[in-house]
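Asks: Put together the whole structure using the sequences plus the hints.
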Amino acid sequence: MAYGEKLIDHYENPRNIGSMDKHATDVGTGLVGAPACGDVMKLQIKVSSEGIIEDAKFKTFGCGSAIASSSLVTEWVKGKTLDEAEGIKNTQIAQHLALPPVKIHCSVLAEDAIKAAIADYRKKSGKAQNVQTASEPATVAAQ
Amino acid sequence: MATKTQGGPKTVQAKEPAAARNIQLPIYLDYQATTPTDPRVVEAMLPYFTTKFGNPHSRNHSFGWEAEEGVETARAQIAALVGATDKEIIFTSGATESNNLAIKGVGRFYKDRRNEIVTVVTEHKCVLDACRHLEEEGVKVTYLAVKQNGLVDLGHLRQAVTDKTALVSVMAVNNEIGVVQPLKEIAAIAHEKGAFFHTDAAQAAGKIPLDVEDMHIDLMSISAHKMYGPKGVGALYVRRKPRVRLHALIHGGGQERGMRSGTLPVPLIVGFGKAAEIAQNEMAKDNERIRRLSDRLFNGINKELKDVVLNGDRDARFPGNLNLSFSYVEGESLMMGIRDIAVSSGSACTSASLEPSYVLRALGVEEEMAHTSIRFGIGRMTTEGEIDYAIETIVKHVKKLREMSPLWEMVQEGIDLKSIQWSDH
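Protein chains in written order, with this note's numbering: chain V, 1 to 143; chain S, 1 to 425.
Take these hints with a grain of salt, some might be off.
[To be verified] With a cut-off of at most 30 angstroms between alpha-carbon atoms, the simulated DSS-like pairs for lysine-lysine come out as follows: (1) S:LYS418 <-> V:LYS115; (2) S:LYS400 <-> V:LYS22; (3) S:LYS184 <-> S:LYS164; (4) V:LYS124 <-> S:LYS399; (5) S:LYS303 <-> S:LYS396; (6) V:LYS123 <-> V:LYS78; (7) S:LYS306 <-> S:LYS418; (8) S:LYS147 <-> S:LYS303; (9) V:LYS57 <-> S:LYS400; (10) S:LYS399 <-> V:LYS78; (11) S:LYS399 <-> V:LYS22; (12) S:LYS231 <-> S:LYS285; (13) V:LYS22 <-> S:LYS418; (14) V:LYS46 <-> S:LYS418; (15) S:LYS418 <-> V:LYS123; (16) S:LYS399 <-> V:LYS46; (17) S:LYS231 <-> V:LYS6; (18) S:LYS111 <-> S:LYS164; (19) S:LYS111 <-> S:LYS125; (20) S:LYS400 <-> V:LYS115; (21) S:LYS111 <-> V:LYS22; (22) V:LYS57 <-> S:LYS241; (23) V:LYS57 <-> S:LYS418; (24) V:LYS46 <-> S:LYS400; (25) V:LYS57 <-> S:LYS396; (26) S:LYS396 <-> V:LYS22; (27) V:LYS46 <-> V:LYS89; (28) S:LYS125 <-> S:LYS164; (29) V:LYS78 <-> S:LYS400; (30) V:LYS6 <-> S:LYS111; (31) S:LYS147 <-> S:LYS396; (32) S:LYS418 <-> V:LYS6; (33) S:LYS400 <-> V:LYS89; (34) V:LYS57 <-> S:LYS285; (35) V:LYS22 <-> V:LYS115; (36) V:LYS22 <-> V:LYS124; (37) V:LYS80 <-> V:LYS123.
Think of the hints as simulated: they come from the structure by calculation, not from any bench.
Replies: Shown next as structure tokens:
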């Protein structure tokens, strides 16, 4: 199939490939998908004491659309608060990359990866049971 | 499915080795999907579009006779390639039709006496689908599993064939993994119980020596475009002694001894015949080259990369088909990286089901490995320079994608991927 320019750019020049220390308290890791399904995404976020995502890294096993989707979301989440990042919808990813219908699941997986990374971070920083006050995660994370 | 490339052909200056200079891109390594028509074949066909345009069934004038002569020469050329007699070659639109005619034709004709068919799970979709249709008509079909190397277990086959079996259908060379089935042994088992033996030889005819007498084959499907002939024409070999009878699928003027009505596509048939003649004359030479290039590709990749697995038996194979799993790298992403090289992927990621190749799964290849497989097809026009370019490109992209792969990272850290609780999606 013919792919869009943005998708090919993200596939050929993926942003933010790499790994961060998954044990660090300011790092949240999301690992979603399954090898048997042909897609695995690992997305990591580093959250500042102010609750801002200051860095993001990914590694993806999957088709070009999966790689591009994860590359794109690492760009998008940087500089966002956790709540803002959590608001990213798969439809936005699919639209931006002009994913064909058979590749929509790649964008769903990328959205899941963000949510999983945020959940992991919140769990680690003790905010999992306190999601209602997630607008002020910085105070807790700083303690 | 082949990768799509953008723009027209371009020429590259590869650095190493010298032989790799001046290659035309994209490179075609998908010879199982189809083959380019040999220029000698095109040349043979051309007069039958223009001056020799007659209908071979016109008995009353020279235009018809001329066309008929072209058809009959081709029939003899194809018969000679597989050790058959001319009258045993029935022209069809291609191997899909030939397989349908063999399976449905024989299945329906003998249904009252023998209502069972035995085939194999790794057959081409058109064989499997024709069998499914017969099941709806009350025919019992046994789909045999294969061994891990892709070959039929002759013991299991012997158990499956009964005195109610009308037909045993097993392909000669598998389209996805290139393994060659033991045709002679399979034929013997079928005949022990009085069943006919059909083989889908779309990937085999013109590539490996086939002799219907020596191998005791009763029906054989052949395709022209897999052996450097034109698309849209094929043949079914139907044995006359002992006679195999079948119900026609296409009715009309009673051409092809009543087995396949319709005006014959003379230019295509003439090209098919020429392709068969060339294949017969040059098979040994072609195969020696193809084997050398296949070894070069396999060794070149394995020298630079670890965890590359060859799917299907190592020895019982047509060397022009190399199906490799590049562990921890998803096949479609690799195809996107090597866009200048036209190959096929065992990963069916584009299908909504997300299921990888049923052939690889039948071999017991784990789903995650099936997702990493690429089929390389080498043929008559493949050059050493193309193979060297392919090695270089593949190695580069597999390394890049492994650096990007969370699975590769985990395995390097010593994590057993089976120990992870993967989420479903």
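Asks: So, against the hints stated earlier in the document, which numbers end up violated here?
Replies: Going through the list in order, the structure violates hints 4, 17, 21, 22, 30, 31, 32 and 34 and respects the others.
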